[in-house]
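Asker: This is what each chain is made of:
4 protein chains.
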Amino acid sequence: MKKIGVLTSGGDSPGMNAAVRAVVRKGIYHGIEVAGVYSGYQGLIEGNIKRLEAGDVGDIIQRGGTKLYSARCDEFRTNEGQLKAIEQMKKEGLEGLVVIGGDGSYRGAMALTERGFPCIGVPGTIDNDIPGTDYTIGFDTALNTVIEAIDKIRDTATSHERTFIVEVMGRDAGDLALWAGLAGGAETILIPEESYDIDEMIDRLQKGRDRGKRHSIIIVAEGVMGGNELADLIKEKADIETRVSVLGHIQRGGSPTARDRVLGSLFGARAVEVLLNGGGGRAIGMKNHQVVDYDMTEAFTAEHNADMSLYTLSKELAI
Amino acid sequence: MKKIGVLTSGGDSPGMNAAVRAVVRKGIYHGIEVAGVYSGYQGLIEGNIKRLEAGDVGDIIQRGGTKLYSARCDEFRTNEGQLKAIEQMKKEGLEGLVVIGGDGSYRGAMALTERGFPCIGVPGTIDNDIPGTDYTIGFDTALNTVIEAIDKIRDTATSHERTFIVEVMGRDAGDLALWAGLAGGAETILIPEESYDIDEMIDRLQKGRDRGKRHSIIIVAEGVMGGNELADLIKEKADIETRVSVLGHIQRGGSPTARDRVLGSLFGARAVEVLLNGGGGRAIGMKNHQVVDYDMTEAFTAEHNADMSLYTLSKELAI
Amino acid sequence: MKKIGVLTSGGDSPGMNAAVRAVVRKGIYHGIEVAGVYSGYQGLIEGNIKRLEAGDVGDIIQRGGTKLYSARCDEFRTNEGQLKAIEQMKKEGLEGLVVIGGDGSYRGAMALTERGFPCIGVPGTIDNDIPGTDYTIGFDTALNTVIEAIDKIRDTATSHERTFIVEVMGRDAGDLALWAGLAGGAETILIPEESYDIDEMIDRLQKGRDRGKRHSIIIVAEGVMGGNELADLIKEKADIETRVSVLGHIQRGGSPTARDRVLGSLFGARAVEVLLNGGGGRAIGMKNHQVVDYDMTEAFTAEHNADMSLYTLSKELAI
Amino acid sequence: MKKIGVLTSGGDSPGMNAAVRAVVRKGIYHGIEVAGVYSGYQGLIEGNIKRLEAGDVGDIIQRGGTKLYSARCDEFRTNEGQLKAIEQMKKEGLEGLVVIGGDGSYRGAMALTERGFPCIGVPGTIDNDIPGTDYTIGFDTALNTVIEAIDKIRDTATSHERTFIVEVMGRDAGDLALWAGLAGGAETILIPEESYDIDEMIDRLQKGRDRGKRHSIIIVAEGVMGGNELADLIKEKADIETRVSVLGHIQRGGSPTARDRVLGSLFGARAVEVLLNGGGGRAIGMKNHQVVDYDMTEAFTAEHNADMSLYTLSKELAI
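Protein chains in written order, with the UniProt record's numbering: chain B, 1 to 319; chain U, 1 to 319; chain S, 1 to 319; chain X, 1 to 319.
All clues given are correct.
One copy or two, either will do: identical chains are not told apart, so a pair holds if it fits within one copy or between any two.
In silico SDA-like links for lysine to any residue, alpha-carbon gap of 20 angstroms or less:
{"id": "1", "residue 1": "Lys213", "residue 2": "Gln62"}
{"id": "2", "residue 1": "Lys3", "residue 2": "Arg115"}
{"id": "3", "residue 1": "Lys67", "residue 2": "Gly55"}
{"id": "4", "residue 1": "Lys3", "residue 2": "Ile28"}
{"id": "5", "residue 1": "Lys50", "residue 2": "Arg214"}
{"id": "6", "residue 1": "Lys213", "residue 2": "Gly58"}
{"id": "7", "residue 1": "Lys287", "residue 2": "Tyr135"}
{"id": "8", "residue 1": "Lys287", "residue 2": "Asp134"}
{"id": "9", "residue 1": "Lys237", "residue 2": "Ile202"}
None of these hints come from the bench; they were simulated from the model.
Using the sequences and the hints given, assemble the complete structure.
Answerer: Here it is in structure tokens:
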């Protein structure tokens, strides 16, 4: 290969820039050219592609968001869109593509690979929900953002003897809620992976009060229900007043943590290596403390399993 | 005086602990005893009062919330409640009281003063809305919390070319929205002090897009309307999609900034001095860069005026 | 005037970018062109000057350092250097210049003004040591950086029952040490403005230990002596082991606080107004809570006075 | 077992409190009593031991340092000291002990185990240098503290076109320098595990300048040499001026990251389980993404190996 491209797609996540930097510089290190595709698959279709030098990705490792921008692109799901994209890449002389994003982005990468254009998937999403990797880029930063928010909320909760409900991201995966709940010392965690018992939860709240706890914190993943909905439920069932904090979009932003920068760097570099070795259709990940690459289809067919031992431990420690 | 008390009341704000520490240690420095009243006026009525030594307020200057706790107390608004409170203070040998809180808390302090029990008001609220002082304890910390949130949101807004609405606290006062809007580089700021023109706002949004801005940020104080309500309005009027972030309770918490710690220290110390000089019914503040004390009734009768020059400047710079 | 320039000079300070943004956009708002001069007076001499549009200063309000870069320039102190600079500015069509920096930078601005080229000084330095203004841009951010460092050090100091010496910036002005000392709950503060009594300091340390304090923190401004030097002195005099932390360059960097962004915005905007009104040789400042402009020579001839009431209060509260 | 103890020893590290909380609550969950030993082995000898209830470890998961304090203790290295310690523990009814600390602390734990008093080691040190575990509690927080400092320094380095040397902790292990170097985008990393070539380093610096890099950052682990020493060397060899930042003690403090809180919780809980299953002389760790326990002697006899792939990658990406 002489020239490859890199794009970011789907929701942005902190550390994507570290991955972009690694793809560009690792490529240059191996003597090939690297081009950035702007605004995801949309930019691929439109030929919004520019060659990047080592200096172009300087001073971005510490930035949140993605310097290559991201966008939704319905057109790319069509045959026509994909053919346009391949045409654009041929025009630019690209022979391979690194796609940084979530599993939706992987599907696009797989489609291109199947059309003979080799793509590699790099897991970039705060949800940590891509099968085949223990961690995704952005999860650690989002988690620490949630933890800082909980720490702030606890100040008020303690001062006023209140129960707080904190709604965090996670439509299908409870990783963020689980880790944040354990690290934030939450009394109760509600995740999509586990059914909840509202009576048991209320019982737990009341016992905590009885033994003199000045505050209770409940973490709920958005995939279970909204924070305000939960507050209404608790009010109705037990006449307990709670306060709700919906963390929302702040969870996506911010300067990446050291770990997400390292992960982004490792993953981006490995993606280039795999591509240069001829390996289209592979996804990069961290598995049992090792950087690995695996068949990208595993990311669609396998299931992501949250670490339920955190759930159990969290309950035991929240007594 | 030989013994005084200190309490925190109303919503907690970062820096209250610095003020408590200052009251306690300044009192001890002047050879008097100081007692902490726990859970605000509720604790005063119930006699939840403990003597505090210098060491008891060690290592709290950096903590958010209030170590003396806070609570709402309807009973204290009654004659009976106030008489009980005075009885408790007499029992404890208190001869004066420093009340740290917002203007609601000041009313209680004034009531006690009028009953012959001298109280001093120290402005502790993140809203910065107490007449007679340029700054209240907690405003600077809350402002920086909002700014950090906006910085995070901007990462995503830029990456995805989106318009974000950020709802901040401020029922009657727009200070937080004003300062955050200017410091956060927001395109539009909606505050209770100023009527808004929805058409002008939309026009501004569209012009920004036309000249290639990758994102727009609108700050709305909760007193104007909710963020989601504003999003609906914009959608309806101009079919522009926006994302909403309701910052909520995180604005109250967190380790106080240097400024709020200094303000708390200066105000707490001055409160003790004024009390020792026989001055019940006074409020402490910062006016034109000087620590001042003034008639507490001014805090009810005068009006707080947000600095509208920030509003004008913000508009000029958001072109 | 139809076109003005803006440069940053001397040590960088957080908030300089907010000031640059304000100069550029306020200028454009008033219908004039604005050019950025890169690398301070060096760039002025070399003609490293580029026109800036509103979009060129987008997304910089939250960045530390200075996007216009800074540099030392001995040549500019010479007649020849200054004449070259004026020539370059004439070539570019500049009719006025906003100089953001410390008092050294002001001298250059005054020299140009005296040569008939009107300049305005905007106070940008973390030292807060420019006469005529209560605050300089960058001071608040540096102060909070110091406070965060002290908070971290206190964790260890408390855990190990240790005495820590923290050396902060401040060759001639003790503002940073004073504010940080009060906000950080330091036992002792050593500043250039006040002679110190080593015996009294040691006595204070020992008394603190006797009454059970788990840690002591001493803040020393670099202008008094180095932290390691002080540690040696204490060891020699009283055989007390201390740990030293020299905060160094981290004090200059970081995303500016809300206050420094607002200050930068207000000052930059005022500078443009004064320049457009024909006022060369003026400096901008904040005096008694008002944005002011004053004769720039005052910044050389008057003295900056640190607020010694903080010093006194800090001692009283550190009992 | 009916009662166990927990202590922290050696240098404090963020997340130790999460581990203490986990030991106490997991113990209570299993129906046994837990006592905190204050000030490490010193407190063990002196009988500074107090029973802890679930509420006693509330609100500490987010605190830096260690609530149980730490101290050096030469006496504990003697036969006599260890016998005293065992006597005290018998007096208190303790049947097992969890020791949270570095490998020095493990030696004490092993000594007690060999005397028939079962101890479990939990790895708490920012150095990440304990054989048998991929991560120690505190490493992630220290790493992020270093990264934040580097980000601040880069602002100034970029603004002034300077080369900075950042000295980080690590006497024998380069983990902190390695991870920080990769995550911080440093040009050069000097670690104890790898010999350095001063000429190659200078060559790299000069090439970076030639290709227009505005700044260079060199990370040096204290075990290689001091930052100032390195600056002198570079000055002498190549007449290049550098600035030095010695991060020092701030690396030990601060609120723990989410990861360190989770690690502390997992490790503390596992320690209790192993102790209850009769397993003295075991150490807890994270190996290949699994919580494990292993023979504590491995922590002395095996070698800790830093991940040198980070070193290689860092060089490749710093082109």
